[in-house]
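**Student:** What follows is each chain in one-letter form.
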Amino acid sequence: MAWVNAIIQGVLIGGLYALFACGLSLMFGVMKVVNLAHGDLAVVAGYIAIGIITIIHIPVLWSFLIVVPLMALLGYVLQRTILQGALDRSVLTTLMVTFGLSVVIENGLLQFFTANSRAIGTGLALVSGSFTVGSQIQIGYLPLVIFVVAVVVLLGLQYFLSASKFGRLIRAVADDKEAAQLSGADYRHVFGIAAAIAFGTVALAGIAYGMYSQLDPTAGTDTILLFAFAAVVIGGLGSLWGTLLGGVVLGVAQQIGAQISLSDEVLAGFIVFLAVLVLRPQGLISRGAQS
Amino acid sequence: MSLATESTARSAENVRVTRSSRNVAWTGAVALIVVVVLAMFPYIVHSGVTAILVQAFILLTLASMWNLLAGYAGLVSVGQQAFVGLGAYAVLILAIHGASPFAALPFAAIACGVAALPLWWLVSRLRTGYFAIATWVLAATVMLIIEKFSSIGGGTGMPLPGFTGMDPTLLTAYTYWAGLAVTVVALAAIYLLLRGRLGLVLTAVRDDEVAARSSGARVGLARMLVFLVAGAGCGAAGAVLAISQLQVQPSAVFSVQWTAEMAFATIIGGLGTIEGPIVGTAVFMVLQQTLASYNAWYLIILGLVAIVVALFARRGLWGLVDARINVRLFPVGYWLRAEEDRPRRLLTRPRRGLHARPGGGR
Amino acid sequence: MTISGDGERPDGGTPLLEVRDLTVHHGQLRALDAISLRVLPGEVYAIIGANGAGKSTLMRTIAGLHHPTAGSVLFDGTDVTGLRPERRAGQGIVMVPEGRRLFGSLSVEENLKVGATYARPGPWTIERVYEMFDWMRERRGQLTAQLSGGEQQTVAIGRALVANPRVLLLDELSLGLAPVIVQRIYGMLPQIMSTGLTVLLVEQDVSQALRVASHIHCLLEGRTTLEGRPADVTADQVEAAYFGLAGAGPVSQPGEGSEP
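Chains as they are written, first to last, in the working numbering: chain Z, 1 to 291; chain Y, 1001 to 1362; chain V, 2001 to 2260.
Any given hint could turn out to be false.
Subject to a maximum C-alpha distance of 25 Å in a straight line, what follows is the list of computed DSS-like cross-link-like pairs (lysine-lysine) [to be verified]:
id	chain 1	residue 1	chain 2	residue 2
1	Z	K165	Z	K177
2	Z	K32	Z	K165
3	Z	K32	Z	K177
4	V	K2113	Z	K177
5	V	K2113	Z	K165
Hint data in this document are derived by calculation from the structure and do not stem from the laboratory.
Between the sequences and the hints, there should be enough to build the whole structure, so can you do that?
**Tutor:** Below is the structure:
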């Protein structure tokens, strides 16, 4: 029974991973930017939420309404300025710049918040509560809610991309940004919107992570970034459902690893990631990652 | 006559291709003098200074390797800390079995070069961005695996055996010379590699990969060689690190901070030139020593400077100097010397606004 | 006929599109050397020349994808040299790029919709494109990557048309297409232009260009070697201008030019 619980837990946490991953996938798919600071942005969002809650004393769920749009705006500005500048130079430059950002953010957080980890307390029964199915299967409320939110967000994003005017524009720019220019689209603005969406979703995921687990300055790279990327690689680029599947596979692999030995949780996930990278770089659902 | 044919016609008559500028003779002598002077430091300065210099040697070796990877082979690796750690652990393992850590150093480097082979097989087909992340995951994975072995310290690490009974002054001196030796060998190896065919292949690929491939350049082989050399180099630096710290802790030797430091030093100093990492390391050490008491600040400042340099001064501080004076301490290019003219360098990025005109333009 | 290469159109009136002394470099290589031309409203202006002559560079610079080293591009009297490509499209300069460059992951209709996103007001709509190319309506949900070359070319033209351009730039329509298809597409040119369009096209197939154009401009290694109405030039003159043979007639440098 412990195994069944573990797998269910893995599936649910996969939702959170997918939420982390979809922003990364979007930025890579649209502007070919591998944002090495992606995980740190989630942590920043979490810390901002903590800060706001501490200062203004609003209920936790309200912090989403402030932080997510704020991060989205930050994403647009960062993309139009620094990231676009790096993109204009070369792929190597974007990697170096985002890596630099990651280090600066992490050390900045270390300076101001110390290395202690914090959680976003909700005071609600939501966080620690759970319900039982049957006699032995336990499902936590929070992971379930996070999973549902993740699916809803992914559905919304998928719909936006496939059916809306701007979503179509994003896809067109991703295919051929020069041709899109010839059709009147300013691709820098489109990139900005894509970045805004990516930052918004990662902020959402970051705050959720802060509620589910602890936040600390290095969590961005220690866990989040690598997990997000693992989810993207396992699920394959170019498909949001692939990202969800990737997150779920990662989560399940980790929980199975934890069942084998508690310290093997993270390692198990990485091994699956590396295995997929070797055997099937396109991931489990199409679209290539190879040169 | 068209532009292209005129200029080649004129140039074929009275030019010759030489290997180096007039600089190399005396820069070689200066380098030798510098190394000799540095070697004498343990006799001249006190151990605090040599300790700092050991850190500088480690960083310079790492930065040179990262520069080789990213600046010449186009491989942005965020996982070189894997080799730093492997080098440290190689020394540890050999020392546990009775070897002197100093004697173990070269073997540690070789072991890392060999270990790089399967790792290359895992990541070699990946495109730039994926390559970066994959190397990061690899490094994290290597650390997690190593931490499982309690015989070499598990998750907490263990002290490095093999120094019992050694005079502390002698130990400091030997550590210093080990660091110096590794750096000199690393730089010499990189210089010789880039001077030869490998350098030619890499520069060609850097300019135009498709053209390079169709000219027969073995691009994959060249990149693999670079990855192996960088693995060995970072491993050697890791070995020196273990010796200088007298212990090996996984979280310290496998920290991604190593990549941050080597990347920043290289970017700020100048990506794509051998001199760049030297300049970058110097800047880095100065900043680190000045801001030592301010903890994470030096990394924040260095990170910001690296971002600015990457965006606006693509060739780093050395690039700014090089653009003015045209000097190369490590000449790896070719010079085109016309009999009458001043020598003009080939294979550099064209300066803006310069374009050949056929005789009698508008 | 004028072969002075300075673009003068003594017969024409105000040009819709004008290029003055345009010099364009690719790095150190000079691709275009002080090119001048004037396109009059309602005409079909064809640029011909061998590979590497600078034709596509000229088109791309007019469209805004390339920055000139010197010279200017004027549209309807206004200097647009500094305008980004998307802004030029908004003004009415729309290009059908070389190689079609359709959005591969989008369907036929989605491609047209993207073209219509920033469209100027005008007679062209997606409906009208479907009326002109009847097969498109039925297959509008299909991904463009699955279409044949000729079909892709018509979708690309349609995508440009729904933006309601004033001048349509056609870059190497015939590339990679069978001659029959090419002729059929060019055959639709009159119908396309019936709404008052002006067309500037680049064409490698000289005889095709001579058939549809009202004005010809030949480039060789970035310079103008011939210019004039198809009726006024002989096949020999065109051939000489195209290949840069001796006896091509006085090729004066732009700026020095004196008219015959």
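**Student:** Evaluate each hint against the coordinates.
**Tutor:** Each hint tested on the structure:
1. Z/K165 <-> Z/K177: holds, 16 Å
2. Z/K32 <-> Z/K165: It holds: about 22 Å lies between the C-alpha atoms, which stays within 25 Å.
3. Z/K32 <-> Z/K177: holds, 11 Å
4. V/K2113 <-> Z/K177: Judged against 25 Å, a Cα distance of about 16 Å means the pair holds.
5. V/K2113 <-> Z/K165: Holds, at about 8 Å.
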